[in-house]
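Fit chain C to the given chain X structure using the hints.
Protein chains: 2
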Amino acid sequence: MSVLKKNSARQRDQERARLIWLLTTDKAVTSTLLGKLTLAEQYDVGTLADDIAEVGALVAHLPPPDLADTLEALPSEERHALWRLVQDHERGQVLLEASENVWDDLIDEMSDRDILDALQTLDIDEQIYLVQHLPRNLTGRLLASLPADERARVRQVMHYEKNTVGAIMEFGVITVRPDVTLGTVQRYLRRLGSMPDNTDKLFVTSRDKTLLGELELKTILLNSTQRRVSEVMETEPMVFSPEDDAEKAARTFERDDLVSAAVVDSVGKLMGRLTIDEIVDVVYEETDNDLRALGGISAEDDVHASVGKAVKTRWAWLAINLCTAFIASRVIDGFEHTISQLVALASLMPIVAGIGGNTGNQTITMIVRALALENIQPGNFTWLIFREMGVALINGLVWGGIMGGITWWLYDDMALGGVMMLAMVLNLLVASMMGVIIPLTMTKLGRDPAVGSSVMITAITDTGGFFIFLGLATIFLL
Amino acid sequence: MSVLKKNSARQRDQERARLIWLLTTDKAVTSTLLGKLTLAEQYDVGTLADDIAEVGALVAHLPPPDLADTLEALPSEERHALWRLVQDHERGQVLLEASENVWDDLIDEMSDRDILDALQTLDIDEQIYLVQHLPRNLTGRLLASLPADERARVRQVMHYEKNTVGAIMEFGVITVRPDVTLGTVQRYLRRLGSMPDNTDKLFVTSRDKTLLGELELKTILLNSTQRRVSEVMETEPMVFSPEDDAEKAARTFERDDLVSAAVVDSVGKLMGRLTIDEIVDVVYEETDNDLRALGGISAEDDVHASVGKAVKTRWAWLAINLCTAFIASRVIDGFEHTISQLVALASLMPIVAGIGGNTGNQTITMIVRALALENIQPGNFTWLIFREMGVALINGLVWGGIMGGITWWLYDDMALGGVMMLAMVLNLLVASMMGVIIPLTMTKLGRDPAVGSSVMITAITDTGGFFIFLGLATIFLL
Numbered sequence: 001m002s003v004l005k006k007n008s009a010r011q012r013d014q015e016r017a018r019l020i021w022l023l024t025t026d027k028a029v030t031s032t033l034l035g036k037l038t039l040a041e042q043y044d045v046g047t048l049a050d051d052i053a054e055v056g057a058l059v060a061h062l063p064p065p066d067l068a069d070t071l072e073a074l075p076s077e078e079r080h081a082l083w084r085l086v087q088d089h090e091r092g093q094v095l096l097e098a099s100e101n102v103w104d105d106l107i108d109e110m111s112d113r114d115i116l117d118a119l120q121t122l123d124i125d126e127q128i129y130l131v132q133h134l135p136r137n138l139t140g141r142l143l144a145s146l147p148a149d150e151r152a153r154v155r156q157v158m159h160y161e162k163n164t165v166g167a168i169m170e171f172g173v174i175t176v177r178p179d180v181t182l183g184t185v186q187r188y189l190r191r192l193g194s195m196p197d198n199t200d201k202l203f204v205t206s207r208d209k210t211l212l213g214e215l216e217l218k219t220i221l222l223n224s225t226q227r228r229v230s231e232v233m234e235t236e237p238m239v240f241s242p243e244d245d246a247e248k249a250a251r252t253f254e255r256d257d258l259v260s261a262a263v264v265d266s267v268g269k270l271m272g273r274l275t276i277d278e279i280v281d282v283v284y285e286e287t288d289n290d291l292r293a294l295g296g297i298s299a300e301d302d303v304h305a306s307v308g309k310a311v312k313t314r315w316a317w318l319a320i321n322l323c324t325a326f327i328a329s330r331v332i333d334g335f336e337h338t339i340s341q342l343v344a345l346a347s348l349m350p351i352v353a354g355i356g357g358n359t360g361n362q363t364i365t366m367i368v369r370a371l372a373l374e375n376i377q378p379g380n381f382t383w384l385i386f387r388e389m390g391v392a393l394i395n396g397l398v399w400g401g402i403m404g405g406i407t408w409w410l411y412d413d414m415a416l417g418g419v420m421m422l423a424m425v426l427n428l429l430v431a432s433m434m435g436v437i438i439p440l441t442m443t444k445l446g447r448d449p450a451v452g453s454s455v456m457i458t459a460i461t462d463t464g465g466f467f468i469f470l471g472l473a474t475i476f477l478l
Numbered sequence: 001m002s003v004l005k006k007n008s009a010r011q012r013d014q015e016r017a018r019l020i021w022l023l024t025t026d027k028a029v030t031s032t033l034l035g036k037l038t039l040a041e042q043y044d045v046g047t048l049a050d051d052i053a054e055v056g057a058l059v060a061h062l063p064p065p066d067l068a069d070t071l072e073a074l075p076s077e078e079r080h081a082l083w084r085l086v087q088d089h090e091r092g093q094v095l096l097e098a099s100e101n102v103w104d105d106l107i108d109e110m111s112d113r114d115i116l117d118a119l120q121t122l123d124i125d126e127q128i129y130l131v132q133h134l135p136r137n138l139t140g141r142l143l144a145s146l147p148a149d150e151r152a153r154v155r156q157v158m159h160y161e162k163n164t165v166g167a168i169m170e171f172g173v174i175t176v177r178p179d180v181t182l183g184t185v186q187r188y189l190r191r192l193g194s195m196p197d198n199t200d201k202l203f204v205t206s207r208d209k210t211l212l213g214e215l216e217l218k219t220i221l222l223n224s225t226q227r228r229v230s231e232v233m234e235t236e237p238m239v240f241s242p243e244d245d246a247e248k249a250a251r252t253f254e255r256d257d258l259v260s261a262a263v264v265d266s267v268g269k270l271m272g273r274l275t276i277d278e279i280v281d282v283v284y285e286e287t288d289n290d291l292r293a294l295g296g297i298s299a300e301d302d303v304h305a306s307v308g309k310a311v312k313t314r315w316a317w318l319a320i321n322l323c324t325a326f327i328a329s330r331v332i333d334g335f336e337h338t339i340s341q342l343v344a345l346a347s348l349m350p351i352v353a354g355i356g357g358n359t360g361n362q363t364i365t366m367i368v369r370a371l372a373l374e375n376i377q378p379g380n381f382t383w384l385i386f387r388e389m390g391v392a393l394i395n396g397l398v399w400g401g402i403m404g405g406i407t408w409w410l411y412d413d414m415a416l417g418g419v420m421m422l423a424m425v426l427n428l429l430v431a432s433m434m435g436v437i438i439p440l441t442m443t444k445l446g447r448d449p450a451v452g453s454s455v456m457i458t459a460i461t462d463t464g465g466f467f468i469f470l471g472l473a474t475i476f477l478l
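Protein sequences appear in the order of chains X and C.
If you use full-length UniProt numbering, the first sequence closes out at 478, no skipped numbers anywhere.
If you use full-length UniProt numbering, the second sequence closes out at 478, no skipped numbers anywhere.
So here's chain X without its partners, still in its complex pose (with noise of 0.2 Å):
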């Protein structure tokens, strides 16, 4: 009986950081890895040989899944110097697992003829991901590859748009027909003599493929070798179409608790299914765009990017900001009379602004996040502008109260407390209606309501506030 070997999430977290800590601490083991010095160069020839030793043991130990989040954590030097290591039957699985900025990098030193071979390794529905993906277009030569009759649908795969369920299902199903039974079923699994990953069902067809249900692996092992497919399968099984929104049908897997699920074509076909693994994926691919977008930030940013190209992913978002700010200014320079009777306002003005922006953030947020979670039907739209606003005239009241009050005792001045206070009542108003409205447009529009959102309402909420705020002031103080 064999004892049980320790495979523990944290220690295989151990390794990862270990493997890092070896090449990152030591500069010279980078820089023999990739031959830019000899062992006979070094000053501490024990050492190095030992930790070079150790990185090629736990880079022969750790997994390709391992190997690709390890990859992500190291600067582009050392990136090269792992993926030296990486044995050739791992390189496809490594790099099916990394992101657009590992491929970026480690791309650079291999020919399409390596790269093709690193792919050889993996599914037919994987290369097509990888191919068509990689930051150099090899789709031609993957076909040309390909004996005709897998040509055709492979082509036929690949128009389905990224963030699709097309996009992202596999092909390898095991199917069985509805008339025999259980046992044979048995048997015919044990010929194969395997099965694909995340198999947690078989799926029933008649002959011409048509889905006529599904058949667990536990509903197999539960009932008698004797009793028909047809008696014991599901028949109302939750399929998905290839046009089908990925993340929508993310949200259904956890609504569900699926691991696996049918795709089917506009007449009942079966075309391939869609797994758990691919739908976690999904859902991290979804909340870190959802980061990005509202952080402004690009997808090809990264903790690792060069400093080109770290300027060149952000210069947009700086630019837009630009703008808006220099909008801004001019709106407070049209009042440059009344600043110059009375400086204070300057110094009050951005509370008015930030506070504005400030609300209207908050109220974005929780709009992209409702969005998201499918909770804003058309019918509470107004529900939500006026809760928003009657929020916004609470906390104005309250704080633009306080703020009034302040502003009084600190300049000595009722009449500038008083304008303080009705200016942030009204900023807030606007930043919490428009906090609504934006989300919503840009989503009626067919946009990510995540994209943009935050510049346009700080936007709003400092023009807003500057004109009601001086405008007020001119109004009621000169």
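For the record, the hints were derived by calculation from the structure and aren't laboratory data.
Any given hint could be a false lead.
Any copy will do: because identical chains look the same in the list, a pair fits if it lies in one copy or spans two.
Unchecked claim - Here are the simulated DSBU-like pairs of lysine-lysine, each with C-alpha atoms no more than 30 Å apart in a straight line:
1) Lys162 - Lys312
2) Lys269 - Lys27
3) Lys36 - Lys444
4) Lys269 - Lys209
5) Lys269 - Lys444
6) Lys269 - Lys218
7) Lys444 - Lys248
8) Lys309 - Lys209
9) Lys248 - Lys162
10) Lys309 - Lys27
11) Lys27 - Lys444
12) Lys162 - Lys444
13) Lys444 - Lys309
14) Lys36 - Lys218
15) Lys36 - Lys309
16) Lys312 - Lys27
17) Lys162 - Lys209
What you are looking at is a predicted structure, and each value in this text was computed from that prediction instead of being measured.
Leaving out everything else, chain C in the frame of chain X:
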């Protein structure tokens, strides 16, 4: 041979949308369901009766997760109306799938007895989860209702903290001995008659519950019934401890494409298992928390919370924001003399502050993301700061140069243009440096880097921007 009934994700979406539509467009439907109106009092009895019948049919047809999502999307009153239609035996499952905000609303109307009855249909781990997190504390009453031996186990599990593996693990596991044949395992499973959801593997244990290996369902089906469990079991499975962090466990599930995994105690005894459905929930919750944290809204806020509740959950961030804005305002006030000499400064200063806030937030978003993905190692801290400052320097020189030029042209004052450019460069450098330091420091102090980072960076770039710009102007322009 039965024909596949349509049960596509799209159709289910439509049914949920229809249910929400029926409940929200005609107030009379909700009022009637809540017993506030009788049918006789209605204007158009025929249509109303039809609508109510359709609502009933939809509720009967939709499974609990869809009902939970529908409740989520409804305002308070409609929630109650719908809840009354949910059948007793489904209530526990619906509660389990719903979120805190829904609980708050629905629990009001229910007695302790009602709630415990609703929980009866759930597994014991699910019951524990709910009694611990429902807004009313029912832990004592649940414990009292359990048999003595189960009570001890439940007590033990209850003290695992939220966000640990222990808090989300399930007790429902099937164990087998290593020395039996696969044929015996199959007979045993048929006698059991059912398996817990998401069972893709059985756990092989010794008599004292020590985990020896895992036996995948697929292994049972692919091998001859004569083989022994010990010959075909996986002896190096990925295992978790109950103290492990749930979000980290989720990353491991993603990395290794797991569907379920064993949870073992410190001496290797099997305690329970983690399943992919809980993991997917963890991932969605993680996303949600990060989004909320960056947007400055708390977990209790949702689009259907009342105005009072929304005010309460948001006031803290507003107060903090107001304090920081007030400090920035005092910095400006300190330069009152400078501004009164050159009013143009008042309209230019928000540009310097704004661009700094934008850059700082870009950096923070990237760092928070990289921390979540564990892409930042102690080794690359210095490198990161230098990279971000390099990016800031380039952006500062380019955009600062452009803004400086525009300022020179607008005000016909070269010195003012120079001050503008210099201030932008300096504020961008401060922003990028603090954008790295703040989240990393918060992580070192054991806090969530997403919470409050954004507010802090904005405070620093505002105050810093005003101080730098007005300070430079005082030195060079007066």
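Evaluation of the provided hints:
1. Lys162 - Lys312: within (24 Å within a copy, 41 Å between copies)
2. Lys269 - Lys27: neither (56 Å within a copy, 43 Å between copies)
3. Lys36 - Lys444: Neither: 56 Å inside a chain and 36 Å across chains, both beyond 30 Å.
4. Lys269 - Lys209: within (5 Å within a copy, 46 Å between copies)
5. Lys269 - Lys444: Classified as neither; 33 Å inside a copy, 54 Å across copies.
6. Lys269 - Lys218: Both: 24 Å inside a copy, 25 Å across copies.
7. Lys444 - Lys248: within (17 Å within a copy, 36 Å between copies)
8. Lys309 - Lys209: This pair counts as neither: shortest intra-copy Cα distance 48 Å, inter-copy 54 Å.
9. Lys248 - Lys162: Both ways: Lys248 and Lys162 sit 13 Å apart in one copy and 28 Å across, limit 30 Å.
10. Lys309 - Lys27: within (24 Å within a copy, 55 Å between copies)
11. Lys27 - Lys444: between (53 Å within a copy, 26 Å between copies)
12. Lys162 - Lys444: Answer is within; shortest intra-copy Cα gap is 21 Å, inter-copy 38 Å.
13. Lys444 - Lys309: Result: close only across copies, 28 Å inter versus 33 Å intra.
14. Lys36 - Lys218: For Lys36 and Lys218, the Cα distance exceeds 30 Å both inside one copy (56 Å) and across copies (48 Å).
15. Lys36 - Lys309: within (25 Å within a copy, 63 Å between copies)
16. Lys312 - Lys27: For Lys312 and Lys27, the Cα distance is within 30 Å only inside one copy (28 Å; across copies 53 Å).
17. Lys162 - Lys209: Within. Shortest intra-copy distance 26 Å satisfies the 30 Å Cα cut-off; inter-copy 47 Å does not.
The structure fails to meet hints 2, 3, 5, 8, 14 from the earlier list, while all remaining hints are met.
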